[in-house]
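Protein sequence lines, in the order shown, are assigned to chains A and B.
The first sequence begins at 56 in our numbering and counts up by one.
The second sequence begins at 56 in our numbering and counts up by one.
Misleading hints may appear alongside valid ones.
Put simply, identical chains are the same to the list, so a pair is met inside one copy or across any two.
[Said to hold, decoys possible] List time: in silico DSS-like cross-link candidates among lysine-lysine, alpha-carbon distance up to 30 Å:
#, residue 1, residue 2
1, K312, K290
2, K310, K226
3, K277, K312
4, K310, K290
5, K277, K310
6, K149, K127
Just so you know, these hints were derived from the structure itself, not from any lab.
There are 2 protein chains.
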Amino acid sequence: MNENGPIQTRLTRRFGIRHPVVCAPMAFVAGGALAAGVSRAGGLGVVAGGYAGALGAEADLDAELVTASAEKFGAGFITWALERSPQMLTRALKHSPFCIVLSFGDPRPFAREIRDSGAALICQVQFLSQIDLAVEAGAAAIVAQGGEAGGHGAARSTLPFIPEAADYLRKHSPETLLIAAGGIADGRGLAAALILGADGVLMGTRFWASAEALTPRSHTDKAIGSTGDATIRTKAFDALRGAPWPREYSFRILKNKLTAEWADRESEALRSFGALSTEYARARAQNDLDMVAIVCGEAIGLLRDRPSAASIVESMVTQAAELLRKSSSLNFT
Amino acid sequence: MNENGPIQTRLTRRFGIRHPVVCAPMAFVAGGALAAGVSRAGGLGVVAGGYAGALGAEADLDAELVTASAEKFGAGFITWALERSPQMLTRALKHSPFCIVLSFGDPRPFAREIRDSGAALICQVQFLSQIDLAVEAGAAAIVAQGGEAGGHGAARSTLPFIPEAADYLRKHSPETLLIAAGGIADGRGLAAALILGADGVLMGTRFWASAEALTPRSHTDKAIGSTGDATIRTKAFDALRGAPWPREYSFRILKNKLTAEWADRESEALRSFGALSTEYARARAQNDLDMVAIVCGEAIGLLRDRPSAASIVESMVTQAAELLRKSSSLNFT
Chain A
56 MNENGPIQTR
66 LTRRFGIRHP
76 VVCAPMAFVA
86 GGALAAGVSR
96 AGGLGVVAGG
106 YAGALGAEAD
116 LDAELVTASA
126 EKFGAGFITW
136 ALERSPQMLT
146 RALKHSPFCI
156 VLSFGDPRPF
166 AREIRDSGAA
176 LICQVQFLSQ
186 IDLAVEAGAA
196 AIVAQGGEAG
206 GHGAARSTLP
216 FIPEAADYLR
226 KHSPETLLIA
236 AGGIADGRGL
246 AAALILGADG
256 VLMGTRFWAS
266 AEALTPRSHT
276 DKAIGSTGDA
286 TIRTKAFDAL
296 RGAPWPREYS
306 FRILKNKLTA
316 EWADRESEAL
326 RSFGALSTEY
336 ARARAQNDLD
346 MVAIVCGEAI
356 GLLRDRPSAA
366 SIVESMVTQA
376 AELLRKSSSL
386 NFT
Chain B
56 MNENGPIQTR
66 LTRRFGIRHP
76 VVCAPMAFVA
86 GGALAAGVSR
96 AGGLGVVAGG
106 YAGALGAEAD
116 LDAELVTASA
126 EKFGAGFITW
136 ALERSPQMLT
146 RALKHSPFCI
156 VLSFGDPRPF
166 AREIRDSGAA
176 LICQVQFLSQ
186 IDLAVEAGAA
196 AIVAQGGEAG
206 GHGAARSTLP
216 FIPEAADYLR
226 KHSPETLLIA
236 AGGIADGRGL
246 AAALILGADG
256 VLMGTRFWAS
266 AEALTPRSHT
276 DKAIGSTGDA
286 TIRTKAFDAL
296 RGAPWPREYS
306 FRILKNKLTA
316 EWADRESEAL
326 RSFGALSTEY
336 ARARAQNDLD
346 MVAIVCGEAI
356 GLLRDRPSAA
366 SIVESMVTQA
376 AELLRKSSSL
386 NFT
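Just chain A, same shape as in the assembly (with noise of 0.2 Å):
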């Protein structure tokens, strides 16, 4: 029993952190603050390295891998990007860091190196179907991720998909750690993730809107306030602004001028590949928010506020930790 310490999962005594909570490697917001902040608050941060460089200039990542290492920290990456540029994971495991976050792609080729090094694997999974490369690859953890989570991401939703790949690494890996995604931004949240079978969760929206985060003003404030119902997953998008995303993947943003018109329109999209690079980097450039992505999940509204991930970290797990004892009653009255 352990009525008044913290949370207990397999991830949190596998990783040696102090809560179950990772922040999402997201592109162009998870720098090395970010991470250092949910590491030193007792979760696990990861710095994101996108997109490797593989379309074209981004925040420097050995600059934010260094402000991250004041902690236990990890780095994550688009996969089918490292492939272009694998070198990165080699830049990147310089600076020693607890773990490597690999999503969307095949994670075997950069397995062994990663194994190598002495950093954890984890690999992100939107597909029931995809655990199974991943575990062939070593992975220590495998994030589920549910469609409602901001950015890329598929069509899988995190309270059925937790349970069934619960179900399915306990028959085919036990030891493989499962981490939920998608939706979760507060203590209830953390908390039905563990029911449902997680070890912990990862978070990418509520760190979005969170001080640390590189995320620009103009955008949160944008989205704070709106409901979930204000995004929305689409291919048109990568379609037409030209990243050469695989086909399996989609988007989700908040809804705008941009998706209103094209977000039904994807057959079409797709075979309009890159016409509105132009348009887009030119309204990217004057920070249109009507046409630019501002980049947020479902849980979008559930926040309220832009607050340090130290204060998200310590009031969710409270939080979770005071559902979780209340609900021994059976008393839901």
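Dock chain B against the given chain A, drawing on the hints supplied.
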């Protein structure tokens, strides 16, 4: 405290039922035998009035309601279809249902007749923005349905939708009950839904594969053993078969030849409205499982069998109670 009794919620107290489990009024699936089976087991069964006859022949609603009325029961309708055949509500109310469940449309035109009959009104919503109309109609309970649900639904996901709806109701209509739907098929889903702030759950897919459901055996035989990856939500299907569903709703079914061809071509399908009606009617007559809709949600990946409704209710409430009792230790290792 209630250490050895069943789970108690505002729903079980106010509705006078033993378990906070409601059976979804699935068109062509939830007849009187299923409704009575769920209610006899301590949940609440709801007979499907479906399209209220607006789309042609259905099971004899009166006969099904007579069967259900051996127990406390409800009747459910697709609201936009009921507008075309409002007399079906009057007929249903003659059987003195405990509640009427309305989904997919404005409930207000029917609220008075329902209230005057003494039945409770339950309104299912797919967006946070629909809650106001339901409250205005005097709903005793709101079902917030995530898009992982089988059959008709929309784009929200259950895990972030429930806490957001709970917050909204607490602020605007604290007496209104909240029921979670979408992706829930066992005690893990029930316990998670309660932790997220729901007063109970409404389940479709799990009861769709029950002994008492009207579901063709060939459909459950084909679906059980599929993972949750195997379903898809699309608007193309209704467009092609000529069912006049409002634009905001789509249909989740098991992927098949038809969805492989059309699922990503929604705007094209809308322009071909009704083009598949004849072909689809033929496929349905022949029970061609590559063409007909096998209607289930992502929770299909959690099913292994087609047990009785009583066994479903009993095992899930037992599992949920165990999980909730255990989790108060905060030890998930």
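Practice prompt. Classify it for me, K310 with K226: is the Cα-Cα distance of at most 30 Å met within a copy, between copies, both or neither?
Written response: Answer is between: at 25 Å across copies they meet the 30 Å cutoff, but 40 Å inside does not.
Discussion item. Treating 30 Å as the Cα threshold, decide for K277 and K312: within, between, both or neither.
Written reply: Within one copy only: 14 Å inside, 42 Å across.
Item to complete: Check K277 against K310 for me: Cα-Cα at most 30 Å, and say if that holds within a copy, between copies, both or neither.
Response: Within. Shortest intra-copy distance 11 Å satisfies the 30 Å Cα cut-off; inter-copy 37 Å does not.
Discussion item. At most 30 Å between CA atoms: does that hold for K312 and K290 within a copy, between copies, both, or neither?
Written reply: both (15 Å within a copy, 21 Å between copies)
Worksheet item: From the Cα coordinates, with 30 Å as the cut-off, is the pair K310 and K290 best called within, between, both, or neither?
Response: The answer is both: 13 Å in one copy and 19 Å across copies each meet 30 Å.
Worksheet item: Can you tell me if K149 and K127 fall within 30 Å by alpha carbon in one copy, between copies, both or neither?
Response: within (14 Å within a copy, 66 Å between copies)
The structure fails none of the hints (numbered hints given earlier).
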